[in-house]
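Peer 1: Take a look at the letters that make up each chain.
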Amino acid sequence: MTSSARLFRLARVLCSALALLLAAALVQRAEAQDISAALSQLTTNKYDDTEAALGALALSGSPAAAGIVSALADGKLVFGGLPPRVFIEGPGGALLDPLTMQPAADAPAVKPVRVNNRVRRAIEAANGALSLVSPDAGKRREAALAVGRSRDEAALPALEMALAKESDPKVKSAMNLARASILIAKEGITPAERIAAVELVGAEGNQDALAILRSVPESAAPEVKQAAAVAIEGIERNLAMWGMAQNVWYGLSLGSVLLLAAIGLAITFGVMGVINMAHGEMVMLGAYTTFVVQEVIRTSYPGLFDASLLIAIPLAFLFTGLIGVLIERTVIRFLYGRALETLLATWGISLILQQAIRTIFGPTNREVGAPSWMSGSFEIGHLSITSGRLWIIVFALLVFFALLATLRLTRIGLEMRAVTQNRRMAASMGIRTNWVDAMTFGLGSGIAGIAGVALSQIDNVSPNLGQSYIIDSFLVVVFGGVGNLWGTLVGAMTLGVANKLLEPYAGAVLGKIALLVIVILFIQKRPRGLFALKGRSIET
Amino acid sequence: MTDIAIPEPTTAAEPAPAAKKELTEALLYLDAVTVTFDGFRALNALSFTVDPGEMRAVIGPNGAGKTTMMDVITGKTRPDRGDVFFNGGTTDLTKLDETQIATLGIGRKFQKPTVFENHTVLDNLRLALKGQRRALPNIFHRESAAARERIDEIFETIRLTEHRDRLGGALSHGQKQWLEIGMLLAQDPKLLLVDEPVAGMTDAETAQTAELLREINANGHSVVVVEHDMTFVRDLGVRVMCLHEGSVLAEGTLDQVSANERVIEVYLGR
Amino acid sequence: MLEVQDINLFYGAAQALRGVSLTAEPGKVTCVLGRNGVGKTSLMRAIVGQAPVAKGSVRFNGEDITTMAPSERARRGIAFVPQGREIFPLLTVAENLETGFAPLKRADRFIPDDVFSLFPVLDSMMRRRGGDLSGGQQQQLAIGRALTMRPKVLVLDEPTEGIQPSIIKDIGNAIRYLRSKGDIAIVLVEQYFDFAKELADHFIVMERGAVVMSGDGAALEDPDVRNRIAV
Amino acid sequence: MSMTRQPALLGTSGLIFLAVLFVAAVLVPVLNLYAAPDSAVHVPTYVVSLLGKYLTYALLALSVDLIWGYVGILSLGQGAFFALGGYAMGMYLMRQIGTRGVYGDPVLPDFMVFLNWKELPWFWYGFDMFPFAALMVLLAPGLLALVFGWFAFRSRVTGVYLSIITQAMTFALLLAFFRNDMGFGGNNGLTDFKDILGFNIQADGTRLTLFVLSALALGLGYILCRFLVRSHFGKVLVAVRDAETRVRFTGYRAENYKLVAFVVSAMLAGIAGALYVPQVGIINPSEFSPANSIEIIVWVAVGGRGTLVGAALGAVLVNYAKTYFTSGMLAPYWLFMLGGLFVAVTLFLPKGIVGTYYDWREKRRQHDDIPDEPLATPRPAE
Amino acid sequence: QETIKVGVLHSLSGTMAISETTLKDTVLFMVQEQNAAGGVLGKKLEAVVVDPASNWPLFAEKARELIAKEKVAVVFGCWTSVSRKSVLPVFKELNSILFYPVQYEGEESERNVFYTGAAPNQQAIPAVDYLMANEDVERWVLAGTDYVYPRTTNKILEAYLKSKGVKEEDIMINYTPFGHSDWQTIVADIKKFGSAGKKTAVVSTINGDANVPFYKELGNQGIKATDIPVVAFSVGEEELAGIDTKPLLGHLAAWNYFQSVDVPENADFIKKWQAYTKNDKRVTNDPMEATVIGFNMWVKAVEKAGTTDADAVIDALIGITVPNLSGGFSAMMPNHHITKPVLIGEIKEDGQFDIVEQTPGLIVAEEWSPYLEGSKDLIADWRKPLNCGNFNVKTGKCGGAGQ
Ligand SMILES: Nc1ncnc2c1ncn2[C@@H]1O[C@H](COP(=O)(O)OP(=O)(O)OP(=O)(O)O)[C@@H](O)[C@H]1O
Ligand SMILES: Nc1ncnc2c1ncn2[C@@H]1O[C@H](COP(=O)(O)OP(=O)(O)OP(=O)(O)O)[C@@H](O)[C@H]1O
Ligand SMILES: [Mg+2]
Ligand SMILES: [Mg+2]
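Protein chains in written order, with the working numbering: chain A, 1 to 540; chain B, 1 to 270; chain C, 1 to 231; chain D, 1 to 382; chain E, 1 to 403.
Chain A on its own, in the form it takes in the complex (with noise of 0.2 Å):
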């Protein structure tokens, strides 16, 4: 069969159901039809049937056919038995009468009815067939959405059935839209009708109204043309300035990822001058106790699983924050004053945890799921946001907010910064070092962990993990201006944002290159980072 024969067919199903269920919920009156034909082609385990199915079951009118659809998609229908016939699988694995909804006399040995990306639209096509007259509006809106998407013609008299009848004024206006974008293309209108039309589209401005207008026909009325082209020119203007927007939210959202990779190495290498080779472990370890908490809440407490993230940040933070304290009692505290040396340690370190990790959970990723919360998104005019994104952002910046009130607000971050300046001084004012110095170490390696319970959401859980941020994590933390916490936020944000701005014109790797190359320069021009430290001791 050829692919427009097909699509044709689909169209002219959705839209007869559409048809007859109008008219159905019109005399309210629902005859049940034979679904008997429809069931049995579910059964030959071939996708061009259950299409065919899918489509008779939604003309059916019948009852039962919204059940059978929806256990479709939900592969809990099955099939089975001599001749086989179809079931729905029930809660704890009864099999069902898929007409009747009662347990089936004899339970053969089933399969599920396979489903593939076709059976799926099919299905959604038959949702929405179903749903334009759904008693919940959000079911109708999103049907008449669905309409409009697929433009089809055969189903304008259901649309302007439905419309008819549509009092939601929300509901309403989808369906006018989709209207209006299947009459941009439909053959025979008025010019009039369809420059109305191209105005409805016209002011809706996103990227779909631009693939509905750019379907005007080359036949028609010049004057048609025209106004689709203005309105194109309008979007296209319109929507140019709302993907710059789009670009600098890709790159705050870029900038929190480097922001958060990075803040934990401003505290060890910034603050405390170790050259922390070990720092993208440590954040492997934080996405690691993430995959570790998801998996005892998977078997043991699924429903926490939407709490999982919360549950894993303090746990990562005292996990790594310990690892922290235990590497720089063990090794960093014989190093203080020879800098240079922690690199060597430290990249030993480094091996060390990445093996370690290779041999307990394996060389391969590890799954970390996402809670609900921080799955989807959401449109802001024409930006589109994905929640996870913005929960990373926000989590940076408080992250970053907590750690900068630590370090300036507290007893213990002033006695950081004293160790740190001028460790036997501090020795001598009565600051018991070795605990400063472990608690520092302890807390950058410990924000560092709770950096990697962010990045489990959107980057891989695997021992290569820690390495593919490092060398980002330096370059923000020396970009930003070493020892200065909000250099790390502002080069962090700088670098994600100029990435996405050079990005869409320079491609992915020659945007990196540039970026790169730009950051060289810069640190000519400012050879001590964004907010450089000042003043005399910095520079003799």
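What the hints contain is simulated information worked out from the structure, not anything from laboratory work. Don't take every hint at face value.
Within a straight-line C-alpha distance of at most 27 Å, the following computed DSS-like cross-link-like pairs (lysine-lysine) qualify [to be verified]:
{"hint": "1", "chain 1": "A", "residue 1": "Lys46", "chain 2": "E", "residue 2": "Lys199"}
{"hint": "2", "chain 1": "E", "residue 1": "Lys164", "chain 2": "E", "residue 2": "Lys198"}
{"hint": "3", "chain 1": "A", "residue 1": "Lys186", "chain 2": "E", "residue 2": "Lys167"}
{"hint": "4", "chain 1": "E", "residue 1": "Lys92", "chain 2": "D", "residue 2": "Lys194"}
Add chains B, C, D and E with the ligands to chain A, keeping to what the hints say.
Peer 2: Using the frame of chain A, we list chains B, C, D and E with the ligands on its own:
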């Protein structure tokens, strides 16, 4: 009796006619030099001149701007405003960097002694010794007999002969002071800027240092020396300038200056 | 109160102290005199714990603190004003002073008024970074910082270095004042002989890492002492 | 009074080092060619190429030590110079393949043919001539170092800032060379070399010659570095490392000193790369990877920063450890060993192997040579 | 007792360990199985494992060590093309045998190498065909990591698509660096490209670690397989094990084997493999199958030749046929590549693939692509008398287009 010059805190954009004359004669000429750090005025329209062969002592309260003044002369700090000329107005020091200024013949001893900690005392002097400064020729540089002699001389003067093979970093505070003075001598500059040379020295050493500086000065070098030790300043027996809040508060002989009410009030104490 | 007995101290292979002893009493000033490089600073470092001693003992109020960490010594009340000031360069003046709170109980965590009446300049520069101050201002800050700790023993390594005459006088007065309070033992390293002479209750003179003379303040008049520290 | 002697051009350890190198350069070929293959002293060919590789690494480490150990420039981009030297040599070797490539194109290397390139990009011109390629081995890294260093040192970029921008430099080059459009074979790099100066690159004789050449380059490189650091120039370098501002106030142009050292070091790295490529048979962008450059630093630190012999020794040692650990029973745990080695060296041999040895020797000498100063007896004032 | 040594040259550390470690385990597993079955030629097999640590020069060094020092009879190894290229001269020089089990860009046929992974025509082209026929795709995004395999594959695909009448403006090609982790812009671009009214699909040659963030971003931006399906050539069961697959439902992969292949041979293999690894969740994947096929072929060839001598085994290998794990047989062809079925799978929620299409027959590898200018006239045939990996049918000479 007193010779107090309290300069107007206005900024003289052009040197006054009288100053112009001084400019052509002076070895070092500062006019209306102002330096601010984040809004804090460390030097405030500071003007003075040093004549060729002159030795000048600078005193003044802590934070008066003495070290900053040296920073400006040696190119470490750029003034916000004002002129700094060297060699009778031929060279504008504000346009040059530290290296160029050092090559012109301005040597400096820092307030906090800074020596090359990982070089032996001997090598510290070798590095400072006047001579070839360019990179490539120095790959093939060989030490001359004259240079060797000069270094021995300096060792005698600073009395570190027995420490010559120790690392600079292993010296005590006072020994570093001496080494730095030695390095300054080795550079053989036209103008020596000496910041608190006798801090941490015993009284006898202080007297010796004064003697040494006088000797250097007698050999035709100009010297500007900053010190808080009045005995030392008295030993030097030269013209004294007292800075306060970034400008000259008083100038004259030590007796004149130390009789000044303001100087007593802000600096010497009663 | 503080007793140093017969200590040896090495830097690598080089011996800096040879059997040095010293005592300090509350309400008394003990002066350490000697030429450059004789080991005065090394002795102070040994007292506060910044350099380990190879032999001998340091006792504080009868307790052996020879191997104790510097921070613990500070917590017991030994405050140090080091040669070279050692200000925390990136902390503000206020924060520099506050580092002295570590040994204090919460209720005592304020900067004593003495500090500001002694060094008014600090009060006006509370928000500036310590490292930006002039040398002399830093020296004042270092002393103020030590006083913030309410020490029982105050170890001062050439505290007048780089300080303007009027404030040297003030420091002298301050030391006298602290001495008069009677509960602080003061150890003072000083090259400025007249200053030392005025203050010293006891003194030792060092040479090549060893004590070559000692006595009470009056004995400083002895010309031999001056000779010892002359070249 | 006599002046202290200038240390000899080659100290004892230097002489031992050169002697060992010389013996190896003679003995390895002899034992490879003339010892019976099954005798205990036979050096198999694969060991020869392994040793050859270590020697080029040692030269690379030497180049790092020159700038890190003596000038304090912690370059995290030294691998870039090594790789550029390697690419220059690789391009020459590539052009030597001629029609023996899989597509048999007389001019274009294989990767260009299958990406549909029609003609040789301009920057490939001249690489068919060995002298030109040899020049580029020096010039490509040298020029990059010159330009980069000129800007960076003049702007007084120092310390970690310099380290990180060198890292950014090599990272940018890594990304650039990964791109197929750059015309250097992308990720696959340059491989499948056939011969060098007309000699079959896989022949034992060629291998031995390359080995001996590597030894020679290392020896000469060592002498050059030694000569540089011992000269007045070298003393200024160390002074720059410890107190750059002070050097300026003394009248030296610190940036020029750094620049000379940086360029020399880059060229040494380039030579190392050029000798490396024919011995391992491949050059690919991963040589630019920042991790590689960090590893070089680690070799130097293990051997002893600021001791030239140590740098070379560290390179050989760490790489031998890598070869050894990555085979056999230990293979799954080799990162533990290597990581542990690095930690242990920092903790127990703080100045690296050779540095710690020097310290120990110094200490002994002091104990031996300098008798304790006479003790003045304390006496109370009367 | 004398043993036959088998070299295993897969990275166990570094960036590639993530993929290659499994293959090392596979060879060890096969060796154990073979030894249980009596070994080869009456001798036990002994695996020699080395770790080239994802470092290409180290690959060459280790290859040399395996062949020259350990004297292995055969080596199973490499994943990336560059590692193969790096060891190639070594295998040629020392005349040994390498089995290379990963899909790659083709354009190579060497006497000492046997390629048991897919050539582009055994993976990419059938996948595109499937999308055209079943998903009615008209607009294509070719997204890949910027290195040789994606570049070559995309070149071939571009030529192929154009030959099918796809217009220039309906193809979007995008390259990203290795390990690219921020996909926001690119996924948004894909979304935009896909909203032009024509059915759009993404053909992904994105490599390695970059896939996880890519798929996560697809999920985040709400791109579902029913809107814009993504078909990948480097994403298998092993990779999916590290991703939350719920949002990926319906995205596709094209391979020559899936763990979900429902035939007894496969079920048997999976059971033994999971028993061997003592992990009943351990997955199998395509390169593993290719390793298994290669291993079995080698065993069979050694037995046929009666010796492990490289020349004899190389000659014996051509024509060897062994069962693959998808219910058929794979044969070693004269071009040193094997015949393979092509399977298209849709990602299921449990991280497995639902096989939605399987080519009816086996496909012979086109090591030299007819869609590339430089190689369309080349063929490889290692049988006598041709004995050539790059025979030019136009000029009738071995050695490409050269004189
Ligand atoms: N880089 C800087 N940043 C901020 N303030 C500075 C800086 N350099 C100097 N100052 C301030 O300028 C003033 C003058 O300092 P300067 O060091 O010149 O004083 P001084 O006269 O040398 O004092 P002293 O006698 O104590 O050495 C001081 O108050 C100091 O705090
Ligand atoms: N860190 C060090 N390493 C090696 N030797 C040192 C070190 N510090 C001091 N010395 C040496 O120890 C001896 C005593 O030094 P110390 O600093 O105690 O002297 P000082 O009496 O305080 O001198 P000054 O009056 O100059 O401050 C000197 O010879 C000095 O060179
Ligand atoms: Mg000063
Ligand atoms: Mg001292």
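Peer 1: Which earlier hints can't be squared with this structure?
Peer 2: none
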